[in-house]
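**Student:** Here are the chains, one letter per residue:
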Amino acid sequence: MSLTLEQVRRVAHLARIEISNAEAENTLGHLNGIFTLIEDMQAVDTRGVEPMAHAQDLAQRLREDRVTETDQRAAFQSVSPETEGGLYLVPQVIE
Amino acid sequence: MKQWEVVIGIETHAQLSTRSKIFSGSSTAFGAEPNVQASAVDIALPGVLPVLNKQAVECAIRFGLAVGATVAPKSVFARKNYFYPDLPKGYQISQFELPVVVGGQLTIQLGDLEKTVNLTRAHLEEDAGKSLHEDFQGKSGIDLNRAGTPLLEIVTEPDMRSSAEAVAYAKALHALVRWIGICDGNMQEGSFRCDANVSVRPVGQKEFGTRREIKNLNSFRFMQQAIDYEVQWQIATIEDGGRIEQATVLFDPDSGETRAMRSKEDAHDYRYFPDPDLLPLIIDSEWIERARAAMPELPVAKRDRFMADFALSVYDASALTGSLEVADFFEATLAVCGQTNAKICANWVTVDLAARLNKESREIGESPVSAAMLGGLIARIADSTISNNIAKKVFEALWNGEEKSADDVIEKQGLKQITDTGAIEKLIDDVLAANAGMVAEFKAGKEKAFNALVGQAMKATKGKANPQQVNDLLRAKLGA
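Quick note, the sequences are listed as chains A and B, same order. Numbered according to our numbering, the first sequence spans residues 1 to 95. Numbered according to our numbering, the second sequence spans residues 1 to 480.
Hints are computed from structural coordinates only; laboratory data are not their basis. Errors might be hidden in some of the hints.
[What the hints assert, rightly or not] Anything over 12 Å on all C-beta distances counts as not near chain A; from chain B, calculated: (1) Lys2; (2) Glu5; (3) Pro85; (4) Gln92.
[Unchecked claim] The calculated EDC-like cross-link candidates involving lysine to aspartate or glutamate, where the alpha carbons are at most 16 Å apart (straight line), are: (5) Lys74/B with Asp57/A; (6) Lys171/B with Asp195/B; (7) Lys302/B with Glu331/B; (8) Lys139/B with Asp57/A; (9) Lys74/B with Glu64/A; (10) Lys343/B with Asp304/B; (11) Lys139/B with Glu50/A; (12) Lys215/B with Glu153/B; (13) Lys392/B with Glu403/B; (14) Lys54/B with Glu64/A; (15) Lys130/B with Glu84/A; (16) Lys74/B with Glu286/B; (17) Lys477/B with Glu425/B; (18) Lys80/B with Glu331/B; (19) Lys171/B with Glu11/B; (20) Lys464/B with Asp420/B; (21) Lys464/B with Asp383/B; (22) Lys215/B with Asp275/B.
For glycine and all other residues, C-beta sits at the position ideal for the given N, C-alpha and C.
Using the sequences and the hints given, assemble the complete structure.
**Tutor:** As structure tokens, this is what we get:
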């Protein structure tokens, strides 16, 4: 399988990455190269093999349900571009 | 005209009752100042890692057991990618291909009819923050206190066929999550929110119609109104020759209408993939068995037991198992007044007490009349110390805190029913003497006059005589 230029632009848009036409062409070449690799791997028969969810064969460690964090708002907001009344301000978004 | 069938599936976000967030040690308490409960993990500073809260998993297991679902021995967290300012990471940690709870069923009650709603799945995920769009001169304010709050998203099959069924399901689910203690169910605070997927199709058609999803229904009344409006809108649109486009809609309670949100073509392209920051969640059978042992008796089981053990009707038993608090109150009351009085006890809890609580907008846990007090009161009705009418007086006195027990009220206010035949005969003699006219009327064949005489006698005893006994004695005296 190979990607189209349109698919590359769409993925870039979904990731909010701005790319020029030249970059899109270039990226298309890279991605298609990767797909060739994947095609080689798909020749292997994987029937009966459970899909791997993580590279390490370990179980998730759990924490007890305790409040351990304290209020760090002042520190966090000291590096924020704009705040008001404890809120972070961002360009308006309305659905 | 065509007959239409309505098809509804529901997704519910239940906020889990944990102290801390699902992936961080921040507090989940409601109502704090903006952003004071948003840690480095919650605001997604670079380099932080999520660590899963054990209690959130425990809640999911409890839910799975309560609905007879499979609790997955292995489930996986995935990233759901989208951009929005109240989602600082640019993705929500959720579960996609391997959720923690698979399948299950919930029984709903519609009048005398029972129906089973099948569940597809329930998965753990984190909540987003809150965007505030007012008062910031063209900017939006972001509060991330809610970001990372644990949610269980519960998804049904498209099994419901009317708004009434949808509401019955939502109510049953709401009662259940509170019953098993995994969610406080507070809809005003957003702890329990439903989305309804609604479509219509001609009766007899196999394929589903195109659905529209009504988002964020936070009251049962709005759910009913929104679905009813949406259904008639879809039918009218199709009958007018239009087509239903898949869309997400919002319900406006002021207009009573649903309207489509601005649809973004890529809104549903979430590019899920397993979150590399989290290892698979493994739940072994020991954990499941420990959780099972700690489960309370479930509503349906309790209802059936009330019917079998106490000979209560399905109506009474259902009313008593509407919440764990009510069921516990009933059982505690019954322990005092005795099982033989189950029916009268059910009436007092579901009618008299419920009405009084309702009048003052109180929960049963806040009732000034405790289960022990009510049980004591019912015992005195059962042994004929007081009549039902007097019992209402005693209840009122207990509610107002005049005394600590029914016995004290009866004693101090002299409400004990008069059962001494001699005393009642004496009273009746007085009544007969004072109402010679009525006696004459009765003797002339007017049955109404007899009832009037009973009334006079009851009045003379201030309602404390046993009405049946008065009746019998009076008839004997009149030679009737």
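**Student:** All hints are to be evaluated individually against the structure, with a verdict given for each.
**Tutor:** Here's how the hints hold up against the structure:
1. Against the 12 Å criterion, Lys2/B stays outside the reach of chain A, whose nearest CB is about 34 Å from its own CB.
2. Consistency note on Glu5/B: stated as away from chain A, and its beta-carbon is indeed over 12 Å from all of that chain's, at 31 Å minimum.
3. Here Pro85/B does not stay apart from chain A, with its beta-carbon only about 4 Å from theirs, under the 12 Å limit.
4. Separation of Gln92/B from chain A is adequate, the least Cβ-Cβ distance of about 15 Å exceeding the 12 Å criterion.
5. A threshold of 16 Å between alpha carbons decides the hint, and for Lys74/B with Asp57/A the separation of about 12 Å falls inside it, so the pair holds.
6. Proposed proximity of Lys171/B and Asp195/B is supported: the alpha carbons are some 14 Å apart, at most 16 Å.
7. Among the hinted pairs, Lys302/B with Glu331/B is consistent with the structure: their alpha-carbon atoms are about 11 Å apart, no more than 16 Å.
8. Among the hinted pairs, Lys139/B with Asp57/A is inconsistent with the structure: their alpha-carbon atoms are about 46 Å apart, more than 16 Å.
9. The straight-line distance between the Cα atoms of Lys74/B and Glu64/A is roughly 20 Å, outside the 16 Å bound, and the hint therefore fails.
10. For the hint linking Lys343/B to Asp304/B, the alpha-carbon distance of about 15 Å falls within 16 Å, and the restraint holds.
11. For the suggested pair Lys139/B and Glu50/A, the alpha carbons sit about 48 Å apart, so the restraint of at most 16 Å is broken.
12. Between Lys215/B and Glu153/B the alpha-carbon distance is near 14 Å, which keeps this suggested pair within the 16 Å criterion.
13. Our distance criterion of 16 Å between C-alpha atoms is met by Lys392/B and Glu403/B, whose separation comes to about 14 Å.
14. Proposed proximity of Lys54/B and Glu64/A is supported: the alpha carbons are some 6 Å apart, at most 16 Å.
15. Restraint check for Lys130/B and Glu84/A: the C-alpha separation of about 15 Å stays at or below 16 Å, so the hint holds.
16. Between Lys74/B and Glu286/B the alpha-carbon distance is near 14 Å, which keeps this suggested pair within the 16 Å criterion.
17. Of the pairs offered as hints, the one joining Lys477/B and Glu425/B holds, with about 9 Å between alpha carbons and a cut-off of 16 Å not exceeded.
18. For a cut-off of 16 Å, the pair hint linking Lys80/B to Glu331/B is broken: about 46 Å separates their Cα positions.
19. Restraint check for Lys171/B and Glu11/B: the C-alpha separation of about 13 Å stays at or below 16 Å, so the hint holds.
20. Using a Cα cut-off of 16 Å, the hinted pair Lys464/B and Asp420/B holds, with the two alpha carbons roughly 11 Å apart.
21. Between Lys464/B and Asp383/B the CA atoms are separated by roughly 14 Å; this keeps the pair inside 16 Å, and the hint holds.
22. The suggested pairing of Lys215/B with Asp275/B is violated, with an alpha-carbon distance near 26 Å, which exceeds 16 Å.
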